[in-house]
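Asks: Below, each chain spelled out in residue letters.
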Amino acid sequence: MKKLLTLILLFVVALQTKAAPLTIEITQGLEGALPIAVVPFAWRGDQGAPPPHEVGGIVAADLGRSGRFKPLPTQDMLSKPSRGDQVDFRDWRALNVDNLVIGEISPNGPGGYLVKFHLYDVFRGEQLTGYSIPTTARDLRATAHHIADIVYETLTGQPGAFATRIAYVTSIRGGTGKDRTEQVELRIADADGYGAQSIVSSKEPIMSPAWSPDGRKIAYVSFENAQPSIWVQEVFTGKREKLTSFKGINGAPAWSPDGRSLALTLSKDGNPDIFVMDVARRSLRPITRHRAIDTEPAWSPDGRSLVFTSDRGGAPQIYQVSVNGGEPSRVTFEGPYNARASFSPDGRLLGMVTRVDGNYRIATLDPTTRDLRVLSTGRLDESPSFAPNGSMIIYATQASGKGVLAAVSTDGRVQQRLRLQEGDVREPVWSPYLKNERNR
Amino acid sequence: MKSKSLACLAVAIVVLLVGGCASTGGEGDPGASVEDYGSGTGAYTSGASQGGAWTGSALEDPNSPLYTKTIYFDFDQSTVRSDYIEILSAHASYLISSPSTTVLIEGHGDERGSREYNIGLGESRANAIRNFLEAEGVSPSQINTISYGEERPAAFGNDEASWSENRRGVLVY
Numbered sequence: 001m002k003k004l005l006t007l008i009l010l011f012v013v014a015l016q017t018k019a020a021p022l023t024i025e026i027t028q029g030l031e032g033a034l035p036i037a038v039v040p041f042a043w044r045g046d047q048g049a050p051p052p053h054e055v056g057g058i059v060a061a062d063l064g065r066s067g068r069f070k071p072l073p074t075q076d077m078l079s080k081p082s083r084g085d086q087v088d089f090r091d092w093r094a095l096n097v098d099n100l101v102i103g104e105i106s107p108n109g110p111g112g113y114l115v116k117f118h119l120y121d122v123f124r125g126e127q128l129t130g131y132s133i134p135t136t137a138r139d140l141r142a143t144a145h146h147i148a149d150i151v152y153e154t155l156t157g158q159p160g161a162f163a164t165r166i167a168y169v170t171s172i173r174g175g176t177g178k179d180r181t182e183q184v185e186l187r188i189a190d191a192d193g194y195g196a197q198s199i200v201s202s203k204e205p206i207m208s209p210a211w212s213p214d215g216r217k218i219a220y221v222s223f224e225n226a227q228p229s230i231w232v233q234e235v236f237t238g239k240r241e242k243l244t245s246f247k248g249i250n251g252a253p254a255w256s257p258d259g260r261s262l263a264l265t266l267s268k269d270g271n272p273d274i275f276v277m278d279v280a281r282r283s284l285r286p287i288t289r290h291r292a293i294d295t296e297p298a299w300s301p302d303g304r305s306l307v308f309t310s311d312r313g314g315a316p317q318i319y320q321v322s323v324n325g326g327e328p329s330r331v332t333f334e335g336p337y338n339a340r341a342s343f344s345p346d347g348r349l350l351g352m353v354t355r356v357d358g359n360y361r362i363a364t365l366d367p368t369t370r371d372l373r374v375l376s377t378g379r380l381d382e383s384p385s386f387a388p389n390g391s392m393i394i395y396a397t398q399a400s401g402k403g404v405l406a407a408v409s410t411d412g413r414v415q416q417r418l419r420l421q422e423g424d425v426r427e428p429v430w431s432p433y434l435k436n437e438r439n440r
Numbered sequence: 441m442k443s444k445s446l447a448c449l450a451v452a453i454v455v456l457l458v459g460g461c462a463s464t465g466g467e468g469d470p471g472a473s474v475e476d477y478g479s480g481t482g483a484y485t486s487g488a489s490q491g492g493a494w495t496g497s498a499l500e501d502p503n504s505p506l507y508t509k510t511i512y513f514d515f516d517q518s519t520v521r522s523d524y525i526e527i528l529s530a531h532a533s534y535l536i537s538s539p540s541t542t543v544l545i546e547g548h549g550d551e552r553g554s555r556e557y558n559i560g561l562g563e564s565r566a567n568a569i570r571n572f573l574e575a576e577g578v579s580p581s582q583i584n585t586i587s588y589g590e591e592r593p594a595a596f597g598n599d600e601a602s603w604s605e606n607r608r609g610v611l612v613y
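Order-wise, the sequence lines are chains A and B.
Numbered by the numbering used here, the letters in the first sequence go through residues 1 to 440 in order.
Numbered by the numbering used here, the letters in the second sequence go through residues 441 to 613 in order.
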């Protein structure tokens, strides 16, 4: 009977449903953002379906959102070339545009498209790069993000992170008192907020999503069956399996850089400690053993050590320990509260939550110089996650009593706000670079 | 105090509907969640509970210390406050006298700081209550614990009034 009841109460489905999009706005841009023009890409097809998305517009929006570029509004353009021989650089010099992107899309077999684009240096009047990319209607947005990545890297020298995704948890509450309900979902959206999909839905808490290094799996904590368990789910198929369900806490999963192990928090031995699990063998190795709270492990990019949160000194601070165990060393000394650390992709910085004057904010720490930089300005900021190129940190914050997402450039100069129409959004995690085209 | 308690007793029958006696006050909106009913601390005396007016389980009797199933904690602390010792002792006696009864202790925290650390803190709170009950003689097999951290708030404000309501342990029979 109890089992039947559990089955009825349990509402966890692994499905790919459309969810409301995230809206992204820039709340603080970079002074001296580079002026660029991205002309709407021309459609060259006489027959067949025209492309479902305006590629040039997606590229321009990506570049603008990074805060490093200021795209020229389409209506200000004096001409709208789509081929090299149509470009008159004087049109663009007159508008003080440094760089120009043009492109065209032509049919390429059944359901296929060929997207050609060129990036120019307007003042030197020469092409910097140009590609022909075969794609499909389904992958057209991804192709646009790849073009934005190429433009960004060509002009800034750093790889772009537009063709990536974010995972996050949403909560929609209803009812009051005994009729109170909560619908918690784990969702995935493109880095521009488009194409949001729910991949897990539950009436119980879902926490701590973590992308595998190949971007194909997500580990998370689910409280379904009134017991926290760590699950690993394939992003594309929705197939999932339960990894741990020990007595007590099963939390804070973090993939090793090679994707073979998960660091996690278990309290099966009486209090929360860090363990490393070999995912294929399901074998567990204890890393810390201390009567304090040890949790929130994160791997160094070389896979040799872990940072974690511990209150062994009386208040939460960041410690570092070898993956072979041994005595942890304390990393943070400034401030009464430092938690949830993770390494920047290049391993030089730690992103974390720090308490400043009673406010919880996102900060970076350079562990060698001990330089702590507070990047966010909220009261209750948490869950920082680096973009795979290290340029931005996405995090959760509060706006008008609602949980929303925000992003800040690692230098603190660019700020974005990501909104969901309904409910709270929290625990954003930026995907790694996605090597293969998506497979929706 | 005595007459106040009697006044409370008079409305005890409808207390489940209205969510608590207004004169007890002090712990925020008791109707905010199921588990916080009866979180007021002034609504019981030994005289009233022995009066025989209540025929149901002592756990549901607003005049019994067992009626209080939520206890609150200080910021970043998981020590049982002295004002809850009497209530938890009553729960211990009840569990000892009823060995087939089990209790689930939920540990909760406020929303400040990181979520997984708050899961750890919630567990420490649940364990503090468990340790208290076991020290009073309750069999460990009667006690289960779970930490919800900040995932299941009782109050939704972003201020100390709500936070203090959320830093709690809840006994679920």
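Hints were generated in silico from the structure; no laboratory data involved.
Any given hint could turn out to be false.
Claimed, not checked - Just a few of them, taken from the derived set where beta-carbon distance is under 10 Å, the chain B residues facing chain A:
(1) 521
(2) 523
(3) 525
(4) 551
(5) 553
(6) 555
(7) 563
(8) 564
(9) 582
(10) 584
(11) 588
(12) 592
Keep in mind the model is a prediction, meaning the values are calculated, not measured.
Positions of the beta carbon are idealized from the N, C-alpha and C atoms, including for glycine.
Asks: Each hint needs a verdict: does it hold in this structure or not?
Replies: The hints, checked one at a time:
Hint status for residue 521 of chain B: violated, given a least beta-carbon distance of 19 Å to chain A, over 10 Å. The beta carbon of residue 523 of chain B comes no nearer than 24 Å to any beta carbon in chain A, farther than 10 Å, and the hint placing it at the interface is violated. Taking 10 Å as the C-beta contact cut-off toward chain A, the hint placing residue 525 of chain B at the interface is violated, the least distance being around 23 Å. At a threshold of 10 Å, the smallest CB-CB gap from residue 551 of chain B to chain A is about 6 Å, leaving the interface hint in force.
Hint on residue 553 of chain B holds. Least Cβ distance to chain A is approximately 6 Å, under the 10 Å limit. At about 6 Å, the closest approach between the beta carbon of residue 555 of chain B and any beta carbon in chain A falls short of 10 Å, and the interface hint on this residue holds. Hint on residue 563 of chain B holds. Least Cβ distance to chain A is approximately 6 Å, under the 10 Å limit. With 10 Å as the threshold, the beta carbon of residue 564 of chain B comes within range of chain A, its nearest partner Cβ sitting at about 7 Å, so the hint holds.
Given the 10 Å rule on beta carbons, the hint for residue 582 of chain B is violated: about 15 Å separates it from the nearest Cβ of chain A. The interface hint given for residue 584 of chain B holds, since its Cβ lies 9 Å from the closest Cβ of chain A, which is under the 10 Å cut-off. Given hint, residue 588 of chain B at the interface with chain A, holds; its Cβ is 7 Å from that chain's nearest Cβ, closer than 10 Å. Nearest Cβ of chain A to the Cβ of residue 592 of chain B: about 7 Å, under the 10 Å cut. The hint holds.
Hints 1, 2, 3 and 9 from the earlier list are contradicted by this structure; the remaining hints agree with it.
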